Amino acid sequence: MTSTLLRFKNIVGGYGNTMVVSDISGTIGKGEVLGIFGRNGVGKSTLSKLLAGALPMSVGSLLLNNKDISFTSNHERRQRGIGYMPQTAMVFDNLTVRENLSLARSTQDMKYYLSAFPRLAERQTQIAGSMSGGERKILAFVRTMLEETCLVILDEPSEGVQPENILKMQECIERRKAKGTSFVLVEQNMSMLTSISDFYIGIDSGRIVFESDKKSASRQDILSVLSV
Amino acid sequence: MSSILLLNILWQVSILAMVTIGLGIVFGQLKIMNMAHGELVMIGAYAPVITSHLGLSGYLQLPICVATVGLTALIMERTVIRHFYGRPFDSLLATWGLSILMREIVEMIFGREYQSVSSPLPGTMSLLGTDYPIYRVVVILGVAVFFFTLLLWYRRSKVGTEIKAMVENPALAQAVGINTSRLSSVCFVFGAVSAGIAGMVLAPTTRVEPMMGLDYLIRSFFSLVVGGLGSLEGLFIGVGLIGGIQSTIGAFFNQTYGYLFVLTLSILFLWLKPNGLYRSN
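Chains A and B, in that order, give the protein sequences. For the working numbering, count along the first sequence from 1 and bump the result up by 149. For the working numbering, count along the second sequence from 1 and bump the result up by 1266.
Take these hints with a grain of salt, some might be off.
List of simulated lysine-lysine pairs, BS3-like, C-alpha gap at most 30 angstroms [claimed, not checked]:
1. B:LYS1424 / A:LYS328
2. A:LYS317 / A:LYS260
3. B:LYS1424 / A:LYS260
4. A:LYS364 / A:LYS179
5. A:LYS216 / A:LYS158
6. A:LYS216 / A:LYS326
7. A:LYS216 / A:LYS179
8. A:LYS317 / B:LYS1424
9. A:LYS317 / A:LYS364
Think of the hints as simulated: they come from the structure by calculation, not from any bench. In this text the structure is predicted, and so the values were computed from the model without any measurement.
Bound conformation, chain A alone:
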């Protein structure tokens, strides 16, 4: 059994006075992938923002390595080892590809990622805002993966990305996972979700409606949540 890296309990949060997610709890072990799924607009991205610190929680607690980080900022959580790739506005559009990548605190694995995604290597001097949606997703994914964080939160990384590059993303995640990195993967792509997640949380109307480990959950179970 793996030791727990992140424990979140009774999380409630949203935008202003509107609460989008309610009473969400869960744990992530070291080297595990937690897959979060659900239909559009049910609170998946809001939950990922609350975990990353991009949105403040209204209620709930968050423990990283048994240390309370419930009321820390996005920046502080990054310093403590939580990497985050948002679903939208995920790259700096006015910066070049090279500048975007240079913002990662570590560039140790740069060669590996540039060989996995040669398109980025070819476009080092291109302004990120002029790239296609899928290419910008890949750029954000690589920048987030370059960081040597113990937990990576990825919000819809495969959206708009070509199938062969989605497979490369999966390889990259598996590689980091094997090194002990944990992931929170918010994903609508069933193939990617089911192939790399160890545990699942299904969300509807801001609440957990399905919870299972990989062995116990069938594809049909997951699809039934998506058609609620």
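Fit chain B to the supplied structure of chain A, relying on the hints for placement.
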């Protein structure tokens, strides 16, 4: 164009660029309309007055200028400015109040009377067929080196990239680990100190008094209006036009006409081309 006019234009543009860079950083990058910017120029100008009054070495002017203006800016940022990032119109009122406070404090310490400062490099040198003060030539060259270094640093350093990232998307900048609060403070203090240094180098060529900053604030603002916000290129275009036009008209007619012309030009820009001549993405 006579050599003396050309050198005077270079002098005016250099000083205006030093004053404007601070306002450009604070306004363009942090969205703070700092009405107390001129007072930071004024406080910097008092550094040579302090060394002169206390009988200290002229070499201490720069450290005293950086320390006094830097500390003032840090207190301003921690107490007032940081609550107004991204709110230019609110910050305008808040910093206007600060500017009055700063002038009053300086008046309490030094009085209202004009102070004069002697040039650290007296004498003239022959340049382009005319005699020109050595001090001004050194300042023009110093400002050119400063901007060249700043441009290189901003384009090539990681901190420069972090500043650009913070300005574009503060939330994502935080997510990638940039301490946006600290970086904003550093940008504000840097902008303030550059204004203070401009005041220090101006001191031997003008009267030093508590109200002196107002004129520089207005001309800096005109430069940003004409050049455009958010880039060093826009700043150079703005200070070149405002400083150049005012000096030229001032030389052929008088300073009042020069001032009137740049004021009219700025109003026309605000009306017809509010983004200025050059605006970065």
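Status of the hints after comparison with the structure:
no.	hint	result
1	B:LYS1424 / A:LYS328	28 angstroms, holds
2	A:LYS317 / A:LYS260	14 angstroms, holds
3	B:LYS1424 / A:LYS260	20 angstroms, holds
4	A:LYS364 / A:LYS179	18 angstroms, holds
5	A:LYS216 / A:LYS158	13 angstroms, holds
6	A:LYS216 / A:LYS326	22 angstroms, holds
7	A:LYS216 / A:LYS179	15 angstroms, holds
8	A:LYS317 / B:LYS1424	29 angstroms, holds
9	A:LYS317 / A:LYS364	24 angstroms, holds
Hint compliance for this structure: no hint is broken.
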